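Could you slot chain B onto chain A? The hints should help.
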Amino acid sequence: MLAYYLDLARRSLARNVGLTILMILAIAFGVGASMTTMTVLHVLAQDPIPQKSHDLYNVQLEPRRMLGYQAGQEPPDQLTRLDAETLVRAGKAEHQAIMTGGQAAIEPGRTDLPPFFVDGRWTSADFFKMFDAPFVAGTAWSEDDDLHAARVAVIARELADKVFGSIDAIGKTIRVEGTDLRVIGVLDAWRPQPHFWDLNTGSFGKAELVFVPWSTSRELKLGHIGSVDCWAESSDSLALGASCVWVQFWVELHGAERVEAYRAYLEHYSDEQHRVGRYERPVNVKLRDVMEWLQYRKVVPSDVRLQTWIALGFLLVCLINTVGLLLTKFLRRSSEIGVRRALGASKRAIFVQLLVEAGAIGLIGGVLGLGLAWLGLFAVRHQPTSYAELAQLDLPMLAATFGLAMLTSLFAGLLPAWRGCQVTPAIQLKSH
Amino acid sequence: MLEMKNLSKVYRTQMVETHALRGMDLEVRAGEFVAVTGPSGSGKTTFLNIAGLLEELTGGSYNLDGVDVKSLDDRARSKLRNEKIGFVFQSFNLIPDLNLFDNVDVPLRYRQLTRSDRKRRIESALERVGLASRLKHYPAELSGGQQQRVAIARAIAGDPKLLLADEPTGNLDSQMAREVMQLLEDLNAQGTVVVIVTHDPEIAARAQRNIHIVDGVAADLERGPSLVKTA
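For the protein sequence lines, the chains are A and B, in the order given.
Per my numbering, the very first residue in the first sequence carries number 14; after that it's consecutive.
Per my numbering, the very first residue in the second sequence carries number 232; after that it's consecutive.
Excised from the complex, chain A in its bound form (with noise of 0.2 Å):
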């Protein structure tokens, strides 16, 4: 019966092609001005590391002072160096990982290749199977390289590829800011988004090209950008007392009992701090996995959430107008409809045939409306934003359109296709 259905639609639809193609407009516009601003949102409220974000957790502690204290106050997102080392130290956690981001120069040695700068990460062993690194060459650094700042790195692929013409990379020497270092791991092409491990550098950076031990980059004064928020006078931010957060903090933690256990070694350790007079504030420590961790630094620009509402809310215009549209539609072939029902068709097979018309509209509208939502992306791409070039239509996204195109479809053939289904076919019958 299928296939009667979809032909009578096809015949119904060309009967009157203005309304038909007045319907098929309000559905492609509202679905794709909602898949542009839906895709936008879907990119930036991603998972960006769904098989283990719940294991993994930021660290906040409140090492302030007094002054300007105000309660219920959330600790700053970041640590001081001190706090961060000794926790990295304590190896409480299944895993740790202290970092910061950074800028080094990179000098090839080439002739043809001139000295060029990349964003790096400065952390310890940790943090490549905390965040699942994708090794396509080595190994990470070891705790005992961390422990005695080796003069080691890990390098993405896209920048092995630069500077040596192919991954095969290890073993050979590159030259960061300076100083010569032996590449022991090439990365493959990896840019989870956001970048959640740190907010500070943009939510939506550029890859990281280059991993350089923790202790090795405080050795070597590597540099560090970010943000450094100080409430004490210090000539160095940076240094290991300063009274300066700039180091993020990264745990891996399995269970509620462990991450319940790590807080309170954290709150332990903020009494002691506190007890020798290094924290003022009462203590305050935060453990925040990565999704909720995005969910605190609002990481979705409030102005997508915004365009999102008003897209979802010019679909349910387009829907209503549809409705509308089918009901007038539908209802003007009552005559049609009370001669089927007395040649035989029940009020369900009435409300199927109306329904599939109705769906019939749907999947026109959702091609249409795929292809204005690309348009709508393509658009939001060539936006001054930082997450302009995620604004990509994906699989899921690409499903989801005509998904949405068919439920609205749908949804808003019920209520005609009902009112059809429920024609009097002896009025029908005797008026026509």
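Hints listed in this document are in silico derivations from the structure and should not be mistaken for laboratory results.
These numbers come from a predicted model, not from an experiment.
Fair warning: there could be bad hints in the mix.
[What the hints assert, rightly or not] Here are the computed distance ranges between Cβ atoms for each label pair:
no., chain 1, residue 1, chain 2, residue 2, range
1, A, T341, B, Q413, 34 to 44 Å
2, A, Q435, B, N237, 23 to 33 Å
3, B, D390, A, N29, 28 to 38 Å
4, A, V380, B, R409, 51 to 61 Å
[Claimed, not checked] In silico DSSO-like links for lysine-lysine, alpha-carbon gap of 27 Å or less:
no., chain 1, residue 1, chain 2, residue 2
5, B, K301, B, K392
6, B, K301, A, K360
7, A, K360, B, K350
8, B, K310, B, K350
9, A, K142, A, K234
10, B, K310, A, K360
11, A, K360, B, K392
Backbone N, C-alpha and C define an ideal beta-carbon position, used for all residues, glycine too.
For chain B alone, kept in the frame of chain A given last:
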């Protein structure tokens, strides 16, 4: 074939209650050709709609070919209507954007028949009404009489036991009306029960039996009260 006992139909609105049929007892047997007459508003069409399962009765009982229709849901009523009843309307009620083949196909589509079976039945039905050569024509390309013949082909394509005709000649000139009546008589001769609602005494006179309805009450004009009792 068709048995109504103490059948009543009441239309209710907030203000008014209209008794369209009042305790009608009626039996139509296999092979009969019955004309139903009566003045406008007497209840003829209501009777036809109830007989054709297009409306539900308010009281009494109605058995169609041994099936008590009162207890049936919409799906079962539609199936019974599709299998047992053929309709012919005054205004033909063909679907304008379907050609003759597809118009005759409509009732068969709701019966899960194979494509070849449907094709055979459609061609045979159009052959019987003399329009086999015009399968691909559209209703608008036919005269009124031809359209009514297509409607008859559509009604008989599913081999119904009962043919209900509501003023089938009302929109036709006398020549065409005679042709249509001849067709209905031929169908009756082949075993189909025909119940025809008409204002036309000439048409009524051609039926084997006349039922006269006045104010929702039926009287059998030719057989006496043995088969039809008024309330």
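Inset, instruction - Below or equal to 27 Å on CA atoms is what counts here, so check K301 of chain B against K392 of chain B. - result: Since the Cα atoms of K301 of chain B and K392 of chain B sit roughly 19 Å apart, the hinted pair holds (cutoff 27 Å).
Legend entry - Hint consistency between K360 of chain A and K392 of chain B [alpha-carbon to alpha-carbon, up to 27 Å]: holds, 23 Å
Legend entry - Satisfaction of hint between K350 of chain B and K360 of chain A, Cα-Cα up to 27 Å: holds, 25 Å
Legend entry - Whether the CB-CB distance between Q435 of chain A and N237 of chain B falls inside 23 to 33 Å: holds, 29 Å
Legend entry - Straight-line alpha-carbon gap K142 of chain A to K234 of chain A, limit 27 Å: Distance ~25 Å between K142 of chain A and K234 of chain A Cα, so the pair holds.
Legend entry - Given pair status - K350 of chain B, K310 of chain B, alpha carbons within 27 Å: Between K310 of chain B and K350 of chain B the Cα gap is close to 20 Å, so the pair holds against 27 Å.
Inset, instruction - Look at the Cβ atoms of D390 of chain B and N29 of chain A and judge whether their distance stays inside 28 to 38 Å. - result: Holds, at about 36 Å.
Legend entry - K301 of chain B paired with K360 of chain A [C-alpha distance capped at 27 Å]: holds, 17 Å
Inset, instruction - Evaluate the given range 34 to 44 Å for the C-beta pair formed by T341 of chain A and Q413 of chain B. - result: Distance hint for T341 of chain A, Q413 of chain B holds at roughly 42 Å.
Inset, instruction - Below or equal to 27 Å on CA atoms is what counts here, so check K310 of chain B against K360 of chain A. - result: It holds: about 11 Å lies between the C-alpha atoms, which stays within 27 Å.
Inset, instruction - Could you tell me whether the CB distance from V380 of chain A to R409 of chain B stays inside 51 to 61 Å? - result: At 55 Å between Cβs, range holds.
In terms of the numbered hints stated before, the structure departs from none.
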